[in-house]
Structures are given as structure tokens and as C-alpha cells.
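Once you've looked at the hints, go ahead and assemble the two chains, each given alone in its own frame, into the complex.
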Amino acid sequence: MEGPLAGVRVADFTWAGVGGYCGLLWAMLGAEVIKIETKVRGGTQRASNPARRVGVKSNLAEELSRDKKSVLLNLKTDAGIRLAKELVSVSDMTAENFRPGVMDRLGLGYQDLVRARPDIVMVSMAANGQSGPDRGVPGYAGIFGALSGLSSLMGYPGGPPAELRLPADMLAGTMGAIAGVAGLYRRRVTGQGQYIDCANRESLGTLIGEYFIAASVGRSQTRAANQVLGRAPYNCYRCADDPAAAGGSVGERERWLGIGITRDEQWTALCAVLALSALGDDPGLATAEGRWARREEIDAAISGRTRSDPAELLESALQAAGVPAGIVMRPGDLLADAHLGEREKWQVLDRGDSTPWITFGVPMHFEAAGEAGGYAAPPLGGDSMSVLTGLLGYSEADVIKLQDAEVVA
Amino acid sequence: MTDRPTVLGGIKVLEIGGTGAVPYCGRLLAMLGADVVKVEPPGGDQAARRLPPYLPGMPALQRSAMFYYLNAGKSLVTADAATPTGGQLVARLAERSDVVVHNRPQVAGLELGPALLRRHDSIVQCAITPYGWSGPKAGVVSSDLVTNAVGGDAYLTPAGLAHSWAPEREPLKLAGFAGSYAAGLAGLLGVLASLFRRAGGLGGDFIDVSEQDVHISMSREQIMWAANENVLETRETRAMPVGGCFECADGFIQIYVFSDEHWKALRATMGDPPWAQSQDYATPLSRAAHSAEINAGIAGWARGEKREVMYRRAKERGATLAPFLSPAEIIVDQHMVQREYLTETELPEGTRALVPGRPFLMSQTPATWTPGPIAPGASNRAVYLDLGLADDDIEALTIVGVI
Numbered sequence: 004m005e006g007p008l009a010g011v012r013v014a015d016f017t018w019a020g021v022g023g024y025c026g027l028l029w030a031m032l033g034a035e036v037i038k039i040e041t042k043v044r045g046g047t048q049r050a051s052n053p054a055r056r057v058g059v060k061s062n063l064a065e066e067l068s069r070d071k072k073s074v075l076l077n078l079k080t081d082a083g084i085r086l087a088k089e090l091v092s093v094s095d096m097t098a099e100n101f102r103p104g105v106m107d108r109l110g111l112g113y114q115d116l117v118r119a120r121p122d123i124v125m126v127s128m129a130a131n132g133q134s135g136p137d138r139g140v141p142g143y144a145g146i147f148g149a150l151s152g153l154s155s156l157m158g159y160p161g162g163p164p165a166e167l168r169l170p171a172d173m174l175a176g177t178m179g180a181i182a183g184v185a186g187l188y189r190r191r192v193t194g195q196g197q198y199i200d201c202a203n204r205e206s207l208g209t210l211i212g213e214y215f216i217a218a219s220v221g222r223s224q225t226r227a228a229n230q231v232l233g234r235a236p237y238n239c240y241r242c243a244d245d246p247a248a249a250g251g252s253v254g255e256r257e258r259w260l261g262i263g264i265t266r267d268e269q270w271t272a273l274c275a276v277l278a279l280s281a282l283g284d285d286p287g288l289a290t291a292e293g294r295w296a297r298r299e300e301i302d303a304a305i306s307g308r309t310r311s312d313p314a315e316l317l318e319s320a321l322q323a324a325g326v327p328a329g330i331v332m333r334p335g336d337l338l339a340d341a342h343l344g345e346r347e348k349w350q351v352l353d354r355g356d357s358t359p360w361i362t363f364g365v366p367m368h369f370e371a372a373g374e375a376g377g378y379a380a381p382p383l384g385g386d387s388m389s390v391l392t393g394l395l396g397y398s399e400a401d402v403i404k405l406q407d408a409e410v411v412a
Numbered sequence: 010m011t012d013r014p015t016v017l018g019g020i021k022v023l024e025i026g027g028t029g030a031v032p033y034c035g036r037l038l039a040m041l042g043a044d045v046v047k048v049e050p051p052g053g054d055q056a057a058r059r060l061p062p063y064l065p066g067m068p069a070l071q072r073s074a075m076f077y078y079l080n081a082g083k084s085l086v087t088a089d090a091a092t093p094t095g096g097q098l099v100a101r102l103a104e105r106s107d108v109v110v111h112n113r114p115q116v117a118g119l120e121l122g123p124a125l126l127r128r129h130d131s132i133v134q135c136a137i138t139p140y141g142w143s144g145p146k147a148g149v150v151s152s153d154l155v156t157n158a159v160g161g162d163a164y165l166t167p168a169g170l171a172h173s174w175a176p177e178r179e180p181l182k183l184a185g186f187a188g189s190y191a192a193g194l195a196g197l198l199g200v201l202a203s204l205f206r207r208a209g210g211l212g213g214d215f216i217d218v219s220e221q222d223v224h225i226s227m228s229r230e231q232i233m234w235a236a237n238e239n240v241l242e243t244r245e246t247r248a249m250p251v252g253g254c255f256e257c258a259d260g261f262i263q264i265y266v267f268s269d270e271h272w273k274a275l276r277a278t279m280g281d282p283p284w285a286q287s288q289d290y291a292t293p294l295s296r297a298a299h300s301a302e303i304n305a306g307i308a309g310w311a312r313g314e315k316r317e318v319m320y321r322r323a324k325e326r327g328a329t330l331a332p333f334l335s336p337a338e339i340i341v342d343q344h345m346v347q348r349e350y351l352t353e354t355e356l357p358e359g360t361r362a363l364v365p366g367r368p369f370l371m372s373q374t375p376a377t378w379t380p381g382p383i384a385p386g387a388s389n390r391a392v393y394l395d396l397g398l399a400d401d402d403i404e405a406l407t408i409v410g411v412i
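Residue numbers (this note's numbering), protein chains in the order written: chain A, 4 to 412; chain B, 10 to 412.
Some hints here could point you the wrong way.
To be verified - In silico DSS-like pairs for lysine-lysine, Cα to Cα no more than 27 Å straight-line:
no. : chain 1 : residue 1 : chain 2 : residue 2
1   : B       : K273      : B       : K324
2   : A       : K42       : B       : K273
3   : B       : K273      : A       : K79
4   : A       : K88       : A       : K42
Calculated from the structure, these hints are not laboratory results.
No experiment lies behind these values; they were computed from the predicted model shown.
The following block holds chain B by itself, in its conformation from the complex (with noise of 0.2 Å):
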């Protein structure tokens, strides 16, 4: 922990409802120095603790990986927002804050979206749903899977040799729940936006994110090509013509070769072999339209090398090539402890674990990773305190189970 001033020192954060892309945003809002108060139903989502990965020896409900990644650090409160006593508190919670995030829960008496901009004009506030606030489907169901098969990249995934290596195989989402998050990012984007806006005397907002809209913007390329080009993009068609992903001793390397002097490079790289000095690889598009056997020739190289080897001879050759790293590898990977890409923090429990502390480094507010317990209703004494209610208040109001 830091004393250093953070970009968010002071700004108050409600976050209600979601699993993926609403926590997301609000984990990093955590990150960048706001003080976020996460509403859960009462006993904690049921849902949102149980996904994967799972820590050993945790008690119920705190096993998750993602549900510590996600919100250690926040407030976490519980309040059944359906009925009029709960919602009443959310709404409360909700008109002392500078930043409202969430998914678009029912809460009682408490109309979100446009509505409470209105009623609140200094609050900035984003809804991430799966389709948009408005629109045919603004109401429809949806899941990090289907946003990305309705965002457009799944059918792109995967290209290359994972593609190739079973063909008929169904398309894919992105790992881990990074759809969603992707989601979140735009969110954040769009409220630090409004901050911004804010700060100059401008007022609150209401902004409006689409998960399936983040995920086609970030897919724009194929989709202008099949709108303005009538090429449509398969996921056998978007293999790089030369390099690509290839298998080695010890794993897989990634290359690319676009520009001559990645051809050179990575000549160099392989020991510039007789096979990689013929002519007729002397120009992106020689090398495109020969790419089967340049291919061919990377991949026999590559088959008997080790990972860590290629790595260090590209780095000093300048060529585009790199190992696919596990997060196992990566946590000891010499350049990313130089940089101290992972924070230690605490599970619960005790356990030490690492994690990724912060999104960016900033010279003068630096981000940074706050600990914090995840059992649920955590904070309810202290943020119920805050709010006003009396220790009595407090208790009666777990007892009939709308905190």
C-alpha cells in the first residue's frame, strides 16, 4: 500500500448486479484509488462465487479465483434490492455516490438509466448489458459465451494452427471470462470519460454499454472488409500466410513476418538455414505467395529447438518471435518480476497468493491493489453505519433477510 495520491482518491463507486464485465469495471475503479461498494443479494451471489478457477482450502462461497480477483478491496454489502426496505438502502447508497455501475437489477423504488440521471444529475452512471439499454433485444438473456458468439470474433476463433489442428471443431471464446471483462473496460472507459466531463462543470451521465457492441467494434477490420469489400473472412482464411503459431520442443513459439526485415530477422533467428535464402522469398508478396513452404521450413526448425532458446536468439536479432507463456510461467518470467507485474496479496484463510496489482504504472498516481475480506455482507456494520443506520437497525434488517 501506497501514501502516494491516486487518480480516484475520493470518488465513492456503487456497483450492483453482474459477474463478469459490471465487477470488472468496478475492480479497476478499485485499482485506480475509488472506494467501491459492491451490493450483493443477501448470503452472497450464489453465482458469481462459484465460478472457476477454484482455490483449495477456502470456506464455501470465497472459493472462487475470479469472485477474490474481482472484488477483494471493495465494500461488499448485501441488500435484497426486490424488496422496498432493501431497495430503499440501494437507492440510498446509491444518491451519495459519484459512480453508479451495474447490469440493470430491479431495484424497488429505484428507477435506473436515463430516469435517475434525471433525478441525479451529478451521477455518472453506466449500464453493461448484453444487448444495450434499448432496442429488441435490450431485455434478452445472454452469458459471456453468447456475447461472444453474437460479438462477431468467435466466428475468427481460432485462426491459425489451433484452427488447422481440428478443422471441423466448434469456434471459440476468448479464455476465461475476458469477454465480459472486455465489456467492463469499455465501461470504465466510458465513465473516467464522464468524470472527466464532470469535473469541468458539466455534470453526470448516463452511459450506455453494449457488451455485443464492444466485441464488434473490436472485430471492425472483418467487418468492413465483408461490408465495403465483399470478402468475408473464415477462420480457415485468416491464417497469416507466413509464421503464424508453431509447435517446439518444449511448446509453442509465435511468429510473425510481415516486412522484409522480419524476414531477416528471423533468418537470422533460425541461422539463416540454405532452404530460407532462396530468392524467391525476397518480398512480401514472394513470401505470401510461397507461404506453404516457408511455413513448412519455420515449423521443421522449430520442432527441435527449446522455447527459451528462440526467445533469447530473436530478442537479439530483432525478430518478431515469442513463446506462448502459462500465467505459471509468466509469474516467474525474469521480466515481469523486474517490472512487479504481480502484487502479493492474502486469500482468505491466510494463504499468499499473486495477482496482476495494477492495469498500467502511472508516474504519479499509481495504481495499486487493495486486499480486503470477500465474505459476503463484509462491510454491511460499516457501510450501514455510514449510511445512518443504528446497530439495532442493522441487525433487524439481517434478521427478516433483506441485508
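In isolation and in its complexed conformation, chain A is listed as follows (with noise of 0.2 Å):
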């Protein structure tokens, strides 16, 4: 069980959370993923970032490291420059979300590369993409979930829109990732590499491509919080308060309920549950227009019953009874949810020392090929001796020697 991707090498130039969630992807699926980080950006990465809140060191760099080797590398040096190469000459594939033009300007780009390695695949995954005015403009999630048009339709009706956070870098990853394999697939089957270019704003707008076709025959759509057009009941309920969190703040306390119907029958098992007999037995209501025309009093009649029951109760009962119902779950619920338990999904990573780290698996399992991974992250350039030596044929000599240039470390 090595996965899929078993025997592929990514000689991986990525940082942030959209090129690091692409390769720990490639990683999960088998394939040996080479981090080549510089002191600047992987440091930064790793230390404390109080862009997220003040005290608390963010580990996100090093979740997303994990199942991936780190090659520590001044890239501000032509030596560093020529291993990175020597990197790339022996990978399958290689990857880079910079600015446009960053990777040209290390004598790094495409052009470079494909010297290096006639058949690499290569994917970029800036926030606009290699081409067009607004190639240079810098991006994160909020950015270019802004410029995707994903975060306008995000958000309470007639108030601002929900800006877009990680969720958003791990979606234009994913489709990074995706970009990397079928690039890999190609060349399996023809022997010939190509260059991606996959800007993450158009990442995000593929997962709302109805709304352009809408958009270009002048149905624009607006922001409309968790509404379906034509589905009813179809939102979060409030339930009652987490008792265990009862000096806490709203956040803490606050429980919530999914309900989301799509069937005739699901809504006569709703009422049932509920005991909202008027409601069930309203030849009105009986249908999805019927429903959809009185979705308030419908959303007001449910909030009123699930107020004041345990949000596990109710969906347990719900589930029972076929209706899509799922509690809103915080991090906590999910780690203790039996279901998740007896998938098996939770790791717990050897770090070294006594700190284990509990972390959340694959998200997908492949009954023949299998998973890989399951590794702590390494320190930064705790890989550089091992890959020099075993994979370019350096000598520890040679290596040190290196170390003491500060060209590796």
C-alpha cells in the first residue's frame, strides 16, 4: 500500500497554504515531494504569524509539510541556483506559486527547466495566472476568492460578502494537484512533459460556473446565505446551547443544525420528528413550490422547535428518520465523532518528541493502490544531506562543504 502515485518524484518550490496543500496532496497519494525552501519564505512559514491571532504560533506550515522531505537552499547563490536544477533533473514534475516572473528571474522558470528536465510537468498556480494585466497582483485566499466572483455570492442578503479563507487554498490546490497528475497521465502515455498554468482565482470560479452562464444571459444572482432557489426547508437551525461551554462566548456555546431537504417525503419525515403536525399535514406544503413560497414561516416554525434540544438528539433522530440533517461541527465534534473513528481518518504523528500531532488523514481511499504517509513534517532542511548525497550523488564532504558556503542548509 504505497499509493497511487508510488515512484513519482516533485522536486516542489511551493510555500503558503495553496501550494502546500497541492503537494502534501501529491504526498498523501505516494509520491515523494522534495520541498525546496529558502530561509525567508520557509521560515516565515513556520514561525508564529499574527495575521491569525495574536500568542498563538500557527502550525499550518507544518501540517502542511508533513509526508514531504525539506531541502534547505540559498537561491540567492548560482550554486543554489544549479541544485535546484540538479532537483528538478531527476523529478517527474515540479511546482511554484510565486508572482509571475519570480521563478524566470532565479533563472528558474519553465524555459529553465525543461533544459534541466526535457519532459518535466510543471505547474504554476498564481492568484490571476501567467498572462494578462493583472498577472502581478499578489494573492491569498481573500484575494482571489474576491477576484473569483465565489466570495459575491457568499454572504447574508444585503449585507457585505464572506470573505474566503483556507477552505479557498485548499480548493485551488486540490485543482493544482489535479492539473500536476493529468500532466503526469499525459506524459505516462506519451513520454512528453508540459508547462500549467493554473491561476487559483480561476480555480474558484469553476466551482460556480452556472452563475457565469446565468450572468452572461443577464440573470445575475445575488448573496442569499444558505438559500437553494426551489428548496425549502434548506438552512442552519439553532438548538440549544452547548451546556459544557455555558460561560463561553456565542461562538462557543452556540449549536447549529443543517437541514437540507430535497425530497417530498423527506419533509413529511421531518415534521414527524419535530411534531410540527400543522405543518406536515398542509396540503400547501406538501410540494417544493408550496414549501419554497412559505420558507420563512417554515424556517421560523423549525428554529422554534430546535432551539431548546440538544443538537445531537435532533440529528440523530433526523437521520434516523431520512432527512438530511447534519450538525454544524466544530472541531471538537468532529474529532469525537464515531463515524470518523471507525474510518479511521485521525493520524497521530510521531514528531520526535513528546509531542504527538493529531492530525486528519487522506481524504480519499484507494482500495488497491492504498495511501501513503503518515510523517511528521521535517525540520527545515532536514532532508538537504540525505537528498544530496542519495539522490544528486554528492558526498558529505561535498555537502559540508556547501553548508559552510551557505548555499545549503
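If you want it as C-alpha cells, here you go:
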């Protein structure tokens, strides 16, 4: 069990959320992902991140570096650039997510790398892509989310748009991972590599394609909270507060239940479970059209029932009755979830000290190929020596010389 | 349309079931050049064909822009998979496919999942289901909204201005069906990785994608904070200390400020007002400590400015600032026009429309948009003739309601 990408080697120049998640997916699917890091970017990534919350260390970079190798190069030196190219020359795929032009200026653009490895598959993931007037715009999830159209459709009616955060990085990174594997497949069939321009803004836009079609024929949509035209009930409903968080903030106390029905018989079952017999008996609400017309009345009635009951009780009763319903899960709910536990989705990574690292595994399972990984992130440059000696054929003495010259760390 | 080779030229895909994740996976497989046959119940999938947004002036069951986006260019066939004859047709279609993508439907006489892999070990099969193939919740019904809820991301959505504007309101799913499409992306990654492995001589596979898992994986940062650092983020605490969403004269903008470079570029974009020159704001930590006053200053500036002017100045000065754009605005955005992000397509009844026609730009094997009819059973004759049925058989099966 080594994953479908076993045998694939990636020279990974990426950083931040998009690139980190892209490489993580490849690693979890069995590729040998060698992160080529620099002191500036790698160091920033792994340090505490005050853009998140003061005083709390963000371990995102560490999480996204799991299952990868780390080689620390000084890309401001010619020797460092040469080593980077040597790594590409023994790799099947390479990826980066800098602003367009950065890799070219380093001498590591596609035209340079294809000379090192003629059949290399290269994926670039810039916010706005590699061409067009706005290609230089620096992008984080919130920025390319705003430019993608996806954010503009999220939020409460009449209110501001919902800014996108990490899930947007992960979505764009997944698209980058897809692009790379598409290139690898083609290469395995024909022997030919290629360059792939995967713009994060466009990756997110692809998730709302139907709204572009509608807008192009004059049917623009606006923010509608959880509403889906024609579906009711379809919303999140507040349940009884969490007694364990009695003294906490609203955000800590509140529990919500998502109920999103798609069939008439689910409505009947919902009314039975929640004892909403007046609504359940109302012939005007027997059809989706009828419920949609009176969705506010339905939302109010359901909220009236759910507010005093624990979310867990409501969820299990509704699920048992065949109603699509699920708790708006907090991290703690997920960690304690019996279903996820039985599916063995959680991993405990050994970090080599007394603090094991609890994390989520691969979001897919391959019956024949299996999955890979389960290793904690290496320290910055933790694999420099083994990769340079084992893969590139340098002697330990050579590497020590390179370290002394501050080319490798 | 291009004559250039595609990634998946010659790959046959069978797609069965689902309204979001499965058809979206098939959509991208088709863009990458695969021949996708999609099976619907006789008369068409009533639920999927009624999903918004709606298009004006289209025939019944062809009014859904979502259905068109997901399914144009596929060979649409109908079969009642619950009947022995219909199930047999689906089984025969599956057996001649390289890839089968489904949501675990009932197909008479055909056991999907690991059983299909054991019988046909060269097929790459992917099941995308709400909670996955195994485990106590494997058979539990769900919908897009519920997937967003149980996946952990709705709990933290929205953050920032959208949350503080209505702090008592409900958690939100991703817009449209993006939450389901996310699972389709995971399925696609699995399928491509398995095709890669198969091309190396190792046979097919069965890929189990749980929509819940896909969402949890995307929210892994918050979950690890809780698991390893005992820190619980909420929609309230998730607001960025400095920056975020700001209202301006004609809409909203997003600003990201983390490093000193970001802050310098933003100051220049704002015309370096006196309040922003304070030494109290010189480092990331000191800015975080003074975030409320900094954000108030930014908000005051943004309120009087227009998005386009701010975005232009930000681009000149390298600031991380961008306008929130709607799909209608993106369609005419010069950057996207130059990149030919949107492709012209023909809707039923000949209406011209624009669609994001490719997920990314490949130098050798470009992804392409393939328009096509979306009437239920539009490809019944072509596909079933190809399967070896005669015209008479097809007519008889149509009359008895099997196809």
C-alpha cells in the first residue's frame, strides 16, 4: 500500500496554503515530494503568524509539510540555483506558486527547467495566472476569492460578501494537484511533459460555472445566505446551547443543525420527528413549490423546535428518519465523531519529541493502491544531507562544503 | 473546438447518479477530453434538472444553468437501473468503460464498489458519497447544505465583516454547490492518479471519496488547533486582526496585511495618511495590538473610494487589495477577457452564453469546452446502437419505460 503516485518525484518550490496543500495531496497519494525551501519563505511560514491570532503559533505550515522532505537552499547563489536544477533533473514534476516572473528571475522558469529535464511537468499556481494585465497581483485566499466571483455570492442578503479563507486555498491547491497529475498521466502515455498555468482565481470560478452562464444571459444572482432556489427547508437552525461551554462566548456556546431536504417524503418525515403536525398536514406544503413560497414561515417553525433541544439528539432522530440533517460540526465534534473514528481518518504523527501531532488523513481511499504518508513534517532543511548525497550523488564532504558556503542548510 | 490532443483522449467514462459532486467530476473529465456517458433515470433526473440558477426561455427540464454547466457535452442516456433490463444495460456500459464515477446507486445485477473492482480489475471506479463507503453513517442521506455543516467549514463561515454585520445569524455553506463540487474535485484527483497508475501496468482501482472527509481536510488548520493547541476558533475570532473586507463607495474590497511590506504598500495605496504613519503600527505584532484603530482608519479611507481606483493604485504599489467582483463583472473584466477564461457556448434553443470552459491552461493538451444537447436521453440511440442494440430494441425499451 503505497499510493497511486508511488515512484513519482516532485521538486516542490511552493509555499503558503495553495502550494502547500497541492504538494500534500501528491505526498498523501504516494509521491516523493521534496520541498525546496529558503530561509526567508520557509522560515516565515513556520514561525508564529500574527495575521492569525496574537500569541498563538500557527502550525499550518508544519501540517502542510507533513509527508514531504525538506531541502533548504540559498537561491540567491548560483550554486543554490544549480542544485535546484539538479533536483528538477531527477524529478517528474515541479510546482511553484510565486508571483509570475519570480521563477524566471531566479533562472528557474519553465524554459530553464525544461533544459534540466526535457519531459518535466510543471504547474504554476498564481492568483491571477501567468498572463493578462493583472498577473502581478499578489494573492492570498481572500484576494483571489474576491476576484473569483465565489465570495460575491456568499453572505447574507443585503450584507457584505463573505471573505474566503483557508478552504479557498485548499480548493485552489486541489486544482493544482489535479493539473499536475493530468500532466503526469499524459506524460506516462506519450513521454511528453508540459507547462500548466493554474490560476487560483480561475480554479475557484470553476466552482460556480452556472452563475457565469446565468450572468451572461442577464440573470445575475446575489448573496442569498444558505438559500437554494426551490428548496425549503434548507438552512442551519440554532439548537440548545452547549452546556459544557456555559460561560463562553456566543461562538463557543452555540450549536447549529443543518437541515437541507431535497424530496417531498423527507418533509413528511421531518414534520413527524419535530412534531410539526400542523405544517405536515398542510397540503400547501406538500410540494417543493409550496414550501419554497412559505420558506420563512417554515424556518421560523423549525427554529422554534430546535432551539431547546441538543443538536446531537435532533441529528440522530432526523437521520434515522431519512431526513438530510447534520450538525454544524466544531473541531471537537469531528475529533469525537464515531463514524470518522471507525473509518480511521485520524492520524497521530510522531514528531520525535513528547508531543504527538493529531491530524486528519487522506481525504480519499484507494482500495488497490492504498495511501501513503503519516509522517510528521521534517525540520527546515532536515533532508538536505540525505537528498543531496542519496539522490544527487554528492559526498558528505561536498555537502558540508556547500553548507559552509551557505548554499545549503 | 481544437484538433490538438487532449489529456484523456480515448478514455471512456460512465457517470451514474448525483446532482453535484459526481456530475462535476464528470464535467472536468469531459473538459480534459474523456468521452463521458451519463446515465439518468427515464425522462431525465428530475431533481438535478431543476437546480438553479434558471435560464429564461428554455424547454422544461433544460432550464437549469447548473445542469447545463455540469452536463453539456456528455452523452446523455436514460436507463431505469432498478429494473433487470435497465441494470443490465448499465452493467454493459460499465464493463466497456475505463472509468466509472457514481454515488452508489442501486443498479440491478451490478454490485458496485470493491466487488466491481474484483470482477473487472482494469476499471478505475470512484464512488463519491456524503459520508463515504464504510462506517456507521455510510448509508445516511445528505445534501449539499448538510455536507458543508458536517465538514467543519460552515462553523467558521462567514468570518470578518460579513459576520460582524449580523453576528447572531446562521453559519453559511459555500456559495451555490461549490461544497459538492469540492468533493467532485477530490474524486477527479483520485481518478487521474489511478489512471496514471493503471497506465504503468498496475490495473484499476476503487476510490472511496467521502464528501465529509473532503471538507474536513480543507478545514484541517482549525481542527489541528483544537486537537493540538486546545484553541477553538469561532466565526467571531476568525476575523483577521488587520485587513479583511471593507465597504467602499461602490461595493466591497478585500485587504490582506501581514508583513511590513504589505503594510507599506497599503499605506502608499491610501496616500500615506498621517494616522497610518504611527510608529505603533510598525511591526506585525504591534499592528495586531492596534488592529481596531487601524481597521477603522482603513474603513474611513475605503468608504469614499471606488473599487476600480483602489485596485489600480494597489496594483501600482504592490498592495494586497482586490475588489469583490460578481460573475457579471468578471465576464467583462479585461484581465479575464485577455486570458479567454470564458468560452462562448450555445444553450438549448440557440441562445449564446458564456461559460468557464477550462479549469487550467495546459501547454500541450489544452482542456476544452464541449457544447452539446442536454435533453433527456439525447444520446440514447447513438450509445445503445454502439452497445449492439438494434433500433427495434431501443424503441421497445423506450415504450416500456426502461430507457
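Between the alpha carbons of K273 of chain B and K324 of chain B, is the straight-line distance 27 Å or under? Roughly 13 Å between the alpha carbons, so the hint for K273 of chain B and K324 of chain B holds.
Is it true that the CA of K273 of chain B sits at most 27 Å from the CA of K79 of chain A? It holds: about 24 Å lies between the C-alpha atoms, which stays within 27 Å.
Quickly compare the C-alpha distance for K42 of chain A and K273 of chain B to 27 Å and report which way the hint goes. holds, 22 Å
Hint consistency between K88 of chain A and K42 of chain A [alpha-carbon to alpha-carbon, up to 27 Å]: holds, 18 Å
Checked against the numbered hints given earlier, this structure breaks none of them.
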